[in-house]
Amino acid sequence: KAGVTQTPRYLIKTRGQQVTLSCSPISGHRSVSWYQQTPGQGLQFLFEYFSETQRNKGNFPGRFSGRQFSNSRSEMNVSTLELGDSALYLCASSLEADMNTEAFFGQGTRLTVV
Amino acid sequence: GEDVEQSLFLSVREGDSSVINCTYTDSSSTYLYWYKQEPGAGLQLLTYIFSNMDMKQDQRLTVLLNKKDKHLSLRIADTQTGDSAIYFCAESRAGGSYIPTFGRGTSLIVHP
Chain L
1 KAGVTQTPRY LIKTRGQQVT LSCSPISGHR SVSWYQQTPG QGLQFLFEYF
51 SETQRNKGNF PGRFSGRQFS NSRSEMNVST LELGDSALYL CASSLEADMN
101 TEAFFGQGTR LTVV
Chain C
1 GEDVEQSLFL SVREGDSSVI NCTYTDSSST YLYWYKQEPG AGLQLLTYIF
51 SNMDMKQDQR LTVLLNKKDK HLSLRIADTQ TGDSAIYFCA ESRAGGSYIP
101 TFGRGTSLIV HP
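Protein sequence lines correspond, in order, to chains L and C.
Using our numbering, the letters of the first sequence map in sequence onto residues 1 to 114.
Using our numbering, the letters of the second sequence map in sequence onto residues 1 to 112.
Only chain L is shown next, with the shape it has when bound in the complex (with noise of 0.2 Å):
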């Protein structure tokens, strides 16, 4: 069974461009959740998406924005990019949004904003 797949693994932009990533759930999974982690701030929980609908939102301005497909598969964009967005962006999947459900995490999107 194939895992949570990120892509790309990494990316450099610079200020000012904008960013899409890609994550791709285990099959089955219908929950996505999206995650920044940098060394200041640890991980910061972003989004979720269940079945193509945002169910959960984290405290980031309007410049990061996500969707999610009917194949569970689910992108995450960042407009306007700051050298303060560089960090490591995971992405999570779960078979359903519960808490009795473990969420499996991708190996993560590496951006750099230069």
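Bear in mind the hints are in silico, worked out from the structure with no lab data behind them.
All C-beta atoms, glycine included, are put in the ideal place defined by N, C-alpha and C.
Take these hints with a grain of salt, some might be off.
Said to hold, decoys possible - Derived DSSO-like pairs (lysine-lysine); straight-line CA-CA distance at most 27 Å:
no.: 1; chain 1: C; residue 1: 36; chain 2: C; residue 2: 56
no.: 2; chain 1: L; residue 1: 57; chain 2: C; residue 2: 70
no.: 3; chain 1: C; residue 1: 36; chain 2: L; residue 2: 57
no.: 4; chain 1: L; residue 1: 13; chain 2: L; residue 2: 57
no.: 5; chain 1: C; residue 1: 67; chain 2: C; residue 2: 56
Stated by the list, open to error - Far from chain C, some chain L residues (derived; all Cβ distances over 12 Å):
no.: 6; residue: 12
no.: 7; residue: 18
no.: 8; residue: 69
no.: 9; residue: 75
no.: 10; residue: 80
no.: 11; residue: 84
no.: 12; residue: 113
Guided by the hints, dock chain C onto chain L, whose structure is given.
For chain C alone, coordinates are given in the frame of chain L:
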């Protein structure tokens, strides 16, 4: 203060026990988790404990929960070099989003 706090570093000798500590602030936390992150990898759930439990043991891992003090610990017996990683404590609460809130992680360094 932060919702979940952990010390940033822990260094132990191979074969010794490691104890990683965590404190949380929300008394309504229902699930408490320990995740492991190896270099270049995502997070892997190691174990979790319900808030109505005091202890959970799984092979070399022992989780202790002191709900009164809102203190969680992870003990790794016979620590090996392969245990070197960042360990994250996280909590989630009933009655709302299940999304866990993470601590900043403790870097465990195991030296020979």
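Of all the hints given earlier, name the ones this structure violates by number, lowest first. none
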